[in-house]
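Protein chains in written order, with the numbering used here: chain A, 1 to 276; chain R, 1 to 245.
No lab work stands behind these hints, which were simulated from the structure alone.
Glycine included, every Cβ here is placed at the ideal spot set by N, Cα and C.
There may be inaccurate statements among the hints.
[Unchecked claim] Quick list of in silico lysine-lysine cross-link-like pairs, BS3-like style, CA-CA up to 25 Å:
| hint | chain 1 | residue 1 | chain 2 | residue 2 |
| --- | --- | --- | --- | --- |
| 1 | A | K45 | A | K31 |
| 2 | R | K146 | A | K31 |
| 3 | A | K29 | A | K45 |
| 4 | R | K121 | A | K31 |
| 5 | R | K144 | R | K121 |
| 6 | A | K31 | R | K144 |
[As the list claims (entries may be wrong)] Partner residues aside, some chain R positions facing chain A, computed with beta carbon under 8 Å:
| hint | residue |
| --- | --- |
| 7 | A74 |
| 8 | G75 |
| 9 | Y77 |
| 10 | E95 |
| 11 | D108 |
| 12 | R111 |
| 13 | N113 |
| 14 | G118 |
| 15 | T120 |
| 16 | K121 |
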Amino acid sequence: MNPPVRAKATSGVAYYLRVLRVVGAIDFKAKYTDAALGYVWSLVKPLAYFGVLWLVFAYLLRTANETEDFTLFLLIGILLFLFFIDAVSAMLPSIVEGGVTLRRLAFPPIMIPLSASVAIGITFCVNVLAFAVFAAIQRVEPRIEWLLVVPLLAELYLFTVGLGLLLSALYVRFRDIGQVWELAAQLLFFACAIFYPVGILPDWAQKVTFLNPFVQVMQDIRHVVLGGASGPNDLSAADVFSGAGGRLIPIAVVALVFVSALLFFRREGRYFAERL
Amino acid sequence: MAAAIEVAGVSKTFRIPHEQRTFLKEYFLHPFGRPSYERNEALKDVTFSVEAGEFFGVIGANGGGKSTLLRILAGIYVPDTGLVRVNGLLSPFIELGVGFDIELTARDNIRMNGTLAGLTKRQLEERFDDILAFSELERFVDQKLKNYSSGMLVRLAYSIAIQIPFDVLLLDEVLAVGDEAFQEKCFATFDRFKEEGKTVVFVSHALELMERFCDRCLLLQSGEVQVVGSPHEVADLYRERVLVS
Numbered sequence: 001m002n003p004p005v006r007a008k009a010t011s012g013v014a015y016y017l018r019v020l021r022v023v024g025a026i027d028f029k030a031k032y033t034d035a036a037l038g039y040v041w042s043l044v045k046p047l048a049y050f051g052v053l054w055l056v057f058a059y060l061l062r063t064a065n066e067t068e069d070f071t072l073f074l075l076i077g078i079l080l081f082l083f084f085i086d087a088v089s090a091m092l093p094s095i096v097e098g099g100v101t102l103r104r105l106a107f108p109p110i111m112i113p114l115s116a117s118v119a120i121g122i123t124f125c126v127n128v129l130a131f132a133v134f135a136a137i138q139r140v141e142p143r144i145e146w147l148l149v150v151p152l153l154a155e156l157y158l159f160t161v162g163l164g165l166l167l168s169a170l171y172v173r174f175r176d177i178g179q180v181w182e183l184a185a186q187l188l189f190f191a192c193a194i195f196y197p198v199g200i201l202p203d204w205a206q207k208v209t210f211l212n213p214f215v216q217v218m219q220d221i222r223h224v225v226l227g228g229a230s231g232p233n234d235l236s237a238a239d240v241f242s243g244a245g246g247r248l249i250p251i252a253v254v255a256l257v258f259v260s261a262l263l264f265f266r267r268e269g270r271y272f273a274e275r276l
Numbered sequence: 001m002a003a004a005i006e007v008a009g010v011s012k013t014f015r016i017p018h019e020q021r022t023f024l025k026e027y028f029l030h031p032f033g034r035p036s037y038e039r040n041e042a043l044k045d046v047t048f049s050v051e052a053g054e055f056f057g058v059i060g061a062n063g064g065g066k067s068t069l070l071r072i073l074a075g076i077y078v079p080d081t082g083l084v085r086v087n088g089l090l091s092p093f094i095e096l097g098v099g100f101d102i103e104l105t106a107r108d109n110i111r112m113n114g115t116l117a118g119l120t121k122r123q124l125e126e127r128f129d130d131i132l133a134f135s136e137l138e139r140f141v142d143q144k145l146k147n148y149s150s151g152m153l154v155r156l157a158y159s160i161a162i163q164i165p166f167d168v169l170l171l172d173e174v175l176a177v178g179d180e181a182f183q184e185k186c187f188a189t190f191d192r193f194k195e196e197g198k199t200v201v202f203v204s205h206a207l208e209l210m211e212r213f214c215d216r217c218l219l220l221q222s223g224e225v226q227v228v229g230s231p232h233e234v235a236d237l238y239r240e241r242v243l244v245s
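Extracted from the complex, chain A is given alone in its bound form:
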């Protein structure tokens, strides 16, 4: 008897989307099942950051005066930053932690870190909803330009996933990567102009910080949502790198990180099962 020729069940776009939906949702749920307050915790983290930073910068140091709408300015920065850091931090150990499954089932290993990023993405969406409610209370008028946020978030997601894939594959070989990233995440919090206007940095530092696509996306989203209300500090990559072409620099960084991550992950991925 000839075995029937059938398509491989573990490939194709439908398969990828199905796995991301199912495993991503399970990951998200698992994070909160044992906690008494459950999903509330996904809101507590950004609010706690916001509370402390607002108190320090709007009330104690009054540097917030440099920005007209410091509340929303700060909230946008925190929400984006927590998504970026939490997603990379969840993806980084995911291959090593998912070793049990990788050694027993044949499926594209990329599904593990991608699912981890989806779980953090769900948290981000919950937070954005809370932000929308907050913005409505503040009587921020929604405008058509807000749609530009969608491609900007897509850019941030590509950058985040690229970095996460790269680090998760490196982590299989070098366990130091966990320490390196933990330190980097803390330093980035201070280096990314989240709670201060980027305009107070000297010129050279502005150039350096805008090489990070995260800063570009955050600044552009602040610009789109607040409509220039962050005042003289409403800077974009074009302003910092003097010229409209400057906008391409962080985008090129995203492309570089994402493509090299995919290539590296594909090369390493064949051997994850035996190295774990």
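Given the coordinates of chain A, work out where chain R should sit on it, guided by the hints.
Showing chain R alone in chain A's frame:
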């Protein structure tokens, strides 16, 4: 008869570093020093084929390369040299089971493993109850797997593995920890697979089971194929070579 599995000249060597070099420090301290490796030749020039519909046994001592062979058949490991062809869909049951996350409930593990293995949402819904019924774990479906006994885990894993649509089933020591009732249930499924013309690759230390179910057996010793033949012949040779010495 067409071959369900063709394996030609497959070799696999693992390099086991004497010191684990997973920290960057070691690269900075000894940037040019080559770490010393122990080479473990898990498979050496393995060639055989399995006919469609065959119940094919693999016999060998621990560390003989059986699990490595199964992982290569399943596409989990990449062979260093040689060719592997599997015709049709494959479902693996390796090292006592599919990949469970013991922090998750049985329900979530069934959904996660089924989806990763390629089941659609509808297929999963259709088979979910069958998986639970076969494993007889309905009462524990919402418990985390860390509270399961090893026998329960194997029951669940086997139930999932046989519900994934397959033409070729890889079974690695499925009967090692289950109780007798479960063994009898497994035997019934073996008979059914034979009737349905499924191909099964069966790894076990229980020679009498090999003789009972297998059409042909392969003896794997130190990564090399010693002989492929009738189960009696191969089992006798194994007893002679390994058990006596």
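Going down the list of hints, with the structure as the test:
1. A/K45 with A/K31: holds (14 Å)
2. R/K146 with A/K31: Since the Cα atoms of R/K146 and A/K31 sit roughly 16 Å apart, the hinted pair holds (cutoff 25 Å).
3. A/K29 with A/K45: holds (17 Å)
4. R/K121 with A/K31: holds (23 Å)
5. R/K144 with R/K121: holds (22 Å)
6. A/K31 with R/K144: holds (14 Å)
7. A74: Holds. Min distance 5 Å.
8. G75: holds (4 Å)
9. Y77: holds (6 Å)
10. E95: At about 6 Å, which falls below the 8 Å cut-off, the nearest Cβ of chain A leaves the hint on R/E95 intact, so it holds.
11. D108: Since chain A brings a Cβ to about 5 Å from R/D108, closer than 8 Å, the hint holds.
12. R111: holds (6 Å)
13. N113: With a closest approach of 7 Å, the R/N113 hint holds.
14. G118: holds (3 Å)
15. T120: holds (7 Å)
16. K121: holds (7 Å)
In summary, this structure violates none of the numbered hints.
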